[in-house]
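Asker: Guided by the hints, dock chain X onto chain P, whose structure is given.
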Amino acid sequence: MRRMNDIQAGILAMGLVAVSLLSATVGGAAEYPKRAIDVVVPISAGGAGDTWVRTIMPYLSKKWGVPINVVNKPGGSGVIGTVAVLASPPDGYTVAYDGHIVPAVTAIQADCPFKWTDLTPIGKLASAPLAFAVPADSPWKTLKEAVEDIRKNPEAIKAGVGGVSMPAVFALAKLFDSVGIDFKRLNRVIFDGSAPTMAALAGKHVMLTSQPAIDAIALLKAGKIRVLAVSSSKRSPNLPDVPTGKELGYPAYDRQTYGGLNGPANLPAAITKVWADGLKEALEDPAIVEKLSVRETLVDFQSPEDYRKFLETQYKENLAIAEQLGLRK
Amino acid sequence: METIQNLLFGFSIALQLQNLFFCFVGSLIGTLIGVLPGLGPAATMAILIPFAAGLPPTAAIIMLAAIYYGAMYGGSSTSILLNIPGEAASVVTCLDGYQMARQGRAGPALGISAISSFIAGTVALFGLVFLAPVLVDVALRFGPPEHFGLLVLGLSVAVSLAGESLPKGLASAALGLMLAAVGIDPQSGLTRYTFGVVNLMGGFDVVVVVVGLFAIAEVLSNAETPAFEIFKGKIAGFWPNRKDLRDSAAPIARGSFVGFLLGLIPGVVPPVITFVSYDLEKRCSKHPELFGTGRIEGVAAPEGANNACTGSGMIPLFVLGLPTTASLAVLLGALMIHGLQPGPMLFEQQKEFVWAVLASMYVGNVMLLVLNLPLIPLWVSFLRIPYPLLGPAIIVICVIAAYGVRNSLFDVWIMLGFGLLGYAMRKLEFPAIPLIIALILGDRLENALRQSLTLSRGSLVVFVESPIALGFLATAAVSIGFSLYYRYQSRGVSATTHG
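As they're listed, the protein sequences go chains P and X.
With this note's numbering as the guide, the letters of the first sequence map in order to residues 6 to 334.
With this note's numbering as the guide, the letters of the second sequence map in order to residues 3 to 501.
By construction, these hints were calculated from the structure, which means they are not laboratory data.
Hints are not guaranteed to be accurate.
[To be verified] Covered, in the sense of this in silico footprint (three residues per stretch, anywhere, with C-beta under 8 Å from a C-beta of chain X), are these stretches of chain P: (1) 53-59; (2) 191-203; (3) 262-270.
[Said to hold, decoys possible] Chain P is faced by these chain X residues, among others (derived, beta-carbon under 10 Å): (4) G42; (5) D187; (6) V321; (7) N409.
[Stated by the list, open to error] Some chain P residues well away from chain X (every beta-carbon gap over 10 Å; in silico): (8) D154; (9) V184; (10) H210; (11) K229.
Ideal placement from N, C-alpha and C gives every residue a C-beta, glycine not left out.
Okay, chain P solo, but in the shape it has when bound (with noise of 0.2 Å):
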């Protein structure tokens, strides 16, 4: 047994060679990666961004002959796992992924241990609708009519969200400021996480939500809540009827739950490249299309420079949003 694990690995290690010497000339980044990745996933396995780092890891990790570890390391809204990738050292081979916990939670938190620049962007993976959805009894048939009508009494409206650090918060919060309505006049409960706040739409405890489409498409065959818009600029594949924010005239509901990666300060630009590079590719794999796709994910590679003015957008977007509704503490 001990012999075979020494040829397995020779051969491993043969493979391992052949493989840097063919990226050394092609590529010219001959050194990175050699052994084996992790990518700290800070929430808990099993939830929408995991998942999408699951299904694009595997061919990452074919494509360089090395092991990609998916490591959760959950709590704190995010913070610690965050954290735990900012301190280590920046040679690629721990890199943290954020699903709208960086620019949320520092704009949120005063006193967060880190700030969004802190990080070395390396790409966009992913974004996913929101979904603007209201009981089926509702009397608002269109968001047009629930933005009037929220607009004569903003007091009286119940308005579920699903954490104060989700998009959906700052998605609301932007949708109605644009509109002229103070979010904070509304009354904002918050439930922990996405399906107990739809659960509290279907069960009419709130009159209106701003959710993951995906959590939406089963309640709305089921006849229980109807969904006025898709915060998407095209409409969702899986929600042909239903408009999108822009169509109405609302182009402020564009607020999307989204996927990225991010190093430590200081990622060299060379590893970085690679991972762009590798994650552009695998985001073109027809097989990973189709499998994000299926839960209402669409495939939205960014650059890392690209992504670094996105996470700049949404940073500066939410500090004013959580300034004005009194979240920054």
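Answerer: Relative to the frame of chain P, chain X by itself:
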């Protein structure tokens, strides 16, 4: 009638060789991860999803579901044998199960837990086939005030399990509530009681705390006694005897019923259900004072309840796409990867799939019974290992468990710290259970309370307006009242006998 036909049709698919095989694989994996604390069913299922994606949809979901309910079977083994709960849902099984093991009755405890799980699984299957679609709408009526009522009822259990001294029990519960508040405030997203320590932002994980308080403290206090006295007496048989079965019949039935109903409600997690079930048994028993000393009812009812709720949780998942637990959320993801969109149409459009999965749950329950019963002598024989060897081995398992929960070394230190706290609490005769109950329920209770008060703009009337919430709160009040009355009476009795 059509339902029965559909179910039979489901069985015909579930019994196909391939599906049987994956049902077995899932049950086996589930049992194993249930036995190993730290790695829970949700994480295991998530890790296996890429593999399952390569299987036909029916086989994949059959396997993943089997992991889920299999873990509920396996979780009780370490609770009973070593006082290490594999899952938060099997914490309550430690109370009487471990005491039974110490009295040489580990076999009957394990046996009744397997039998109870099996019966509850069966009850849940028939319940969900015939009743559940009707009950789903009722479950949706559970809003924040209703959740709050149920959680208060759960917390009231802490009073009845407070042990000899009520003040000490309440102090323990208060400590649990305080610990539950550590981390991120769920309503504001800000940090609380973390003192700038990043790892504390995640709060205290229940499994980490329980492993320390129960298992480490147990090893520490056992280290004081001569090694051969830990598991007293001979191992008295591997199987439950006739009296055990008779004593367990009603608790199993009640546990299954409670587990099935509460399992339908999104947001009501299995540990809460097991506590409610245990408390119900205590109230139904003629000898409530003997609970916690090794009563078989204290194992039978919660084990039934946690299995029944895994079954009934499938209904909100299939019909509304609402997962009631973390594991079911993963299963929801797996459904979608296979292009199966939950909703009432799933029953129409994917008849074959739905009924095959439901039938497979019954098949899986039979397999788990067959798998688990013969293992009992093996598990029990672990207790023959001399304690000077078993004790350190338990500590190793605890360390692995604590690390595994969140891949965090910090949690290992926390676990060991709680081990010392648990040891001190034993010495000072503070009960640990109220602390655990309060820790499990604390953040949910806080959320439900604050959500309710947000909805009502601060008015407490919201808890009286809802008949369901009012019912739970009244039951909790009666329950606390009875506990206090009983406590008062038994003190009076013991005073006269001693005086």
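Asker: Of the hints stated earlier, which fail here?
Answerer: 3, 10, 11
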